Amino acid sequence: DTAVSQTPKYLVTQMGNDKSIKCEQNLGHDTMYWYKQDSKKFLKIMFSYNNKELIINETVPNRFSPKSPDKAHLNLHINSLELGDSAVYFCASSHASGLFFGSGTQLSVL
Amino acid sequence: AQRVTQPEKLLSVFKGAPVELKCNYSYSGSPELFWYVQYSRQRLQLLLRHISRESIKGFTADLNKGETSFHLKKPFAQEEDSAMYYCALWGSGNTGKLIFGQGTTLQVKP
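One line per chain: the protein sequences are A and B, in this order.
Take 1 as the starting number for the first sequence in the working numbering and just add one per residue.
Take 1 as the starting number for the second sequence in the working numbering and just add one per residue.
In short, the hints are calculated from the structure, not lab data.
Since this is a predicted model, take the numbers as computed values, not measurements.
Cβ atoms here follow ideal geometry from the backbone N, Cα and C, with glycine treated the same way.
Any given hint could be a false lead.
Said to hold, decoys possible - Covered stretches of chain A, as calculated for chain B (at least 3 residues, CB under 8 Å):
1) 10-16
2) 40-49
To be verified - The calculated label-pair distances, taken between Cβ atoms and stated as ranges, are:
3) 52(A) - 18(B): 44 to 50 Å
4) 39(A) - 1(B): 23 to 29 Å
5) 95(A) - 75(B): 28 to 34 Å
6) 17(A) - 30(B): 32 to 38 Å
Said to hold, decoys possible - Derived DSS-like pairs: lysine-lysine, alpha-carbon spacing no greater than 30 Å straight-line:
7) 52(A) - 73(B)
8) 9(B) - 57(B)
9) 9(A) - 65(B)
10) 40(A) - 9(A)
11) 22(A) - 36(A)
12) 9(B) - 65(B)
13) 57(B) - 19(A)
14) 73(B) - 36(A)
15) 52(A) - 109(B)
16) 57(B) - 36(A)
17) 22(B) - 65(B)
18) 73(B) - 41(A)
19) 71(A) - 109(B)
20) 19(A) - 9(A)
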């Protein structure tokens, strides 16, 4: 009964491929996020959705396209993967007491 | 500008020693601040938030508006405290964006 779950945990792929990461939360939160943690462990917000509506898009390349079919799901699709996309991607959902994070997806682009 | 600064990338102490992880913020208005912890290969977890003024795992943090600081403290470090610690600020407006500092790795040596 994990609160925020994302799949896959690890993703290894070749440059130029298209891949997706899925995220689901069962907390009943209205807002979900994608954060990127780079090799220096710096965490930066990418997107935020509130009840399926995009509310934050932090100058992320348009190769990244989030999709929220319902408020419990926020998926991230990445086209034409580049070496610099290698990072850990965290999904999260929010409540008044803060953000609840998924366990992360480690993406390695070769 | 809304910003969170953690000046120390690495803090190394011996078991039983006091710990202070520094965090400074830039924010106009009343900030809402958090500390998150990430143990090795695990998800980020909320450690504490300044509004609740609670102590989790022996850690406390006091908001000092005069110094714009929210330092995390523990009187006696334990080896299991070794982790990455992030200070975070809830961004203005209703977007719910959490702005993270660069993170500080705490290493507690036996």
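Going through the hints against the structure:
1. Interface restraint, the region 10-16 of chain A with chain B: violated (0 residues with C-beta to C-beta distance below 8 Å; minimum three).
2. Counting residues of the region 40-49 of chain A whose CB lies closer than 8 Å to any CB of chain B gives 7, which reaches the minimum of 3, so the coverage claim holds.
3. Our hint of 44 to 50 Å for residue 52(A) and residue 18(B) holds, since their Cβ atoms are close to 47 Å apart.
4. Our hint of 23 to 29 Å for residue 39(A) and residue 1(B) holds, since their Cβ atoms are close to 25 Å apart.
5. Judged by the Cβ atoms, the range 28 to 34 Å given for residue 95(A) and residue 75(B) holds: they are separated by roughly 30 Å.
6. Residue 17(A) and residue 30(B) have their C-beta atoms about 46 Å apart, which leaves the hinted 32 to 38 Å range violated.
7. Taking the CA atoms of residue 52(A) and residue 73(B), the gap is near 39 Å; set against the 30 Å cutoff, the hint is violated.
8. Taking the CA atoms of residue 9(B) and residue 57(B), the gap is near 22 Å; set against the 30 Å cutoff, the hint holds.
9. Straight-line distance between C-alpha atoms of residue 9(A) and residue 65(B) comes to about 40 Å, which puts the hinted pair past the 30 Å bound.
10. A C-alpha spacing of about 19 Å is found between residue 40(A) and residue 9(A), which places the hinted pair at or below 30 Å, so the restraint holds.
11. Under the criterion of a C-alpha separation no larger than 30 Å, the hint pairing residue 22(A) with residue 36(A) is consistent with the structure, at around 14 Å.
12. Taking the CA atoms of residue 9(B) and residue 65(B), the gap is about 23 Å. The hint holds against a cut of 30 Å.
13. The hinted pair formed by residue 57(B) and residue 19(A) fails the criterion: a straight-line CA distance of about 39 Å is larger than 30 Å.
14. Between residue 73(B) and residue 36(A) the alpha-carbon distance is near 27 Å, which keeps this suggested pair within the 30 Å criterion.
15. Between the alpha carbons of residue 52(A) and residue 109(B) the distance comes to roughly 46 Å, so the proposed pair goes past 30 Å and is violated.
16. Among the hinted pairs, residue 57(B) with residue 36(A) is consistent with the structure: their alpha-carbon atoms are about 27 Å apart, no more than 30 Å.
17. Of the pairs offered as hints, the one joining residue 22(B) and residue 65(B) holds, with about 14 Å between alpha carbons and a cut-off of 30 Å not exceeded.
18. With a C-alpha separation of about 22 Å, the suggested pair residue 73(B) and residue 41(A) falls inside the 30 Å cut-off, and the hint holds.
19. Between residue 71(A) and residue 109(B) the CA atoms are separated by roughly 44 Å; this puts the pair beyond 30 Å, and the hint is violated.
20. Restraint check for residue 19(A) and residue 9(A): the C-alpha separation of about 13 Å stays at or below 30 Å, so the hint holds.
Hint violations for this structure: numbers 1, 6, 7, 9, 13, 15 and 19, all remaining hints satisfied.
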